[in-house]
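Student: Spelled out from the first residue to the last, the chains are:
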Amino acid sequence: MAHKEAKWVANDILHLQYMVIWAVLLVLTVVEVIIPEPSLVGLEAFPRTFVILSLIGLALTKTILVAGYYMHLIGEKPAVIPIACAPFLFSVFLTIGLFPYY
Amino acid sequence: MAEMVIGPGEESFGVPNGKLGMWTFLVMDAMTFAGFLAGYARLRWKDPLIEGTAWPNPYETFGVFGIQLTALNTFILVCSSVTMVHALAEVMRGNMKRAENWLLFTIIGGLIFLGIQGFEWTHLILDVWPYLFDPTHSVDYNLNFAATFFALTGFHGGHVSVGVIYNLVCYLAIRRGKLTADDGDFIEVAGLYWHFVDLIWILVFTFVYLI
Numbered sequence: 001m002a003h004k005e006a007k008w009v010a011n012d013i014l015h016l017q018y019m020v021i022w023a024v025l026l027v028l029t030v031v032e033v034i035i036p037e038p039s040l041v042g043l044e045a046f047p048r049t050f051v052i053l054s055l056i057g058l059a060l061t062k063t064i065l066v067a068g069y070y071m072h073l074i075g076e077k078p079a080v081i082p083i084a085c086a087p088f089l090f091s092v093f094l095t096i097g098l099f100p101y102y
Numbered sequence: 001m002a003e004m005v006i007g008p009g010e011e012s013f014g015v016p017n018g019k020l021g022m023w024t025f026l027v028m029d030a031m032t033f034a035g036f037l038a039g040y041a042r043l044r045w046k047d048p049l050i051e052g053t054a055w056p057n058p059y060e061t062f063g064v065f066g067i068q069l070t071a072l073n074t075f076i077l078v079c080s081s082v083t084m085v086h087a088l089a090e091v092m093r094g095n096m097k098r099a100e101n102w103l104l105f106t107i108i109g110g111l112i113f114l115g116i117q118g119f120e121w122t123h124l125i126l127d128v129w130p131y132l133f134d135p136t137h138s139v140d141y142n143l144n145f146a147a148t149f150f151a152l153t154g155f156h157g158g159h160v161s162v163g164v165i166y167n168l169v170c171y172l173a174i175r176r177g178k179l180t181a182d183d184g185d186f187i188e189v190a191g192l193y194w195h196f197v198d199l200i201w202i203l204v205f206t207f208v209y210l211i
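Residue numbers (our numbering), protein chains in the order written: chain C, 1 to 102; chain R, 1 to 211.
Here chain R stands alone, though its shape is the one from the complex:
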């Protein structure tokens, strides 16, 4: 059996401990999202008990503009994944100034994503599902849709917020010279988290907005 050495900079099974730790965390996080998505799928699968309360068509609830806006948001998140890999590549090259700039683009991408999501949430709460906050309204499948929608996109949005803060810490560390070209592993681990957030959004976008 391979020897285990404790410490973030050390390696276990030939993999840096920091990276192994992040992957282990992502496994747990992926399972949480899997639970959300499987529960959502199970709710949708069931036939309505009351006629006329079938699961709404996302294209009718969000509107074509809403879907296209979210598709744009998906594209922005994918772009921020690209800027993140470029940041890592520049750190490995030793070009810290360029890495800093790519990381800044990544942070801006995350903030734009959150801004558009905030706009969408406001529109949905105020205009599409105003009865969510009306205690006299009876429960129907629209409420299930709204509940699973807010749970999934909210949990994901929380991850994006943490990712933006994580990237901001890395950005400031590079700017202040505390992360150097020898610390590529740190940026790689931050990148793993950011790409995971992008990967999960691809699934959420497909299952909640398109199917």
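Okay, chain C solo, but in the shape it has when bound:
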């Protein structure tokens, strides 16, 4: 399968990239655990709004890294991108629809 070999010619680079992403995910997980309970590292408690927003930001960063690099969305055929992004769009509508306005 010559075309597959050509597609995976950058295999060594991919291996390195996978490990870099793995290390980043590990660091972000540790940061996530510390933010709601900063006394674990001897810090004062953060404001609640900061905690919620930063945790959501970190979680979204991690999901984008997994989807982009491990699920190979970066470099994927254009047809797959809108399919993969559809749930995020629908989730935003769902969340807005469910939240109270009073």
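Heads up, some of the hints might be wrong.
[Unchecked claim] To give a feel for the contact side, a few chain R residues facing chain C, derived at Cβ under 7 Å: (1) F13; (2) G14; (3) V27; (4) A38; (5) Y59; (6) L69; (7) A71; (8) I76; (9) V82; (10) L111; (11) T206.
Treat the hints as calculated values from the structure; they're not laboratory data.
For every residue, glycine included, the Cβ atom is placed at its ideal position computed from N, Cα and C.
Since the structure of chain C is provided, determine the placement of chain R on it from the hints.
Tutor: Just chain R now, kept in the frame of chain C:
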């Protein structure tokens, strides 16, 4: 419009049908999880009707050890995602023996995750929320927390179980020579499912355990 050809090995819009099918399934699955998470968020957002029944702080319910154990579980699932991409990379290289080993590590990672989750569930049911099974206990926000917790983590745990079986089938197929280096698409589709399970856990861990 691009020509559609029916068959798992064929392509539509330049994408293998198997991969397109898995992505379509994952969209549906992601929406189901989105419903669970949005419902959970909506319940938490509401002020308690009875004073003193506010949504519990996860750090107090699970304890620092419980959170750290689940963080370890998150790390194990992320590691099993890495072993899965290595398995795919080795299949593409044609090194099936190494692919087989990476896939075995992935399966073991999934089993460890399920084991720790089973331990956590047992502890929560027996020690933290024993009144869940007491019919005389009144409803409070702790029950909402417990219900959404078990719904979210249970639905996800079911996905991990299916993923372990899926990976086991791929592992045995490679071992018996039924999946070869030319069948990388099959492992890629299995990998998509496994990474999705990891991706969803990242969100569940953040929303249920940390916020």
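Student: Hint by hint, which ones does this structure get wrong, listed from lowest number up?
Tutor: Failing hints, ascending: 6, 8, 10.
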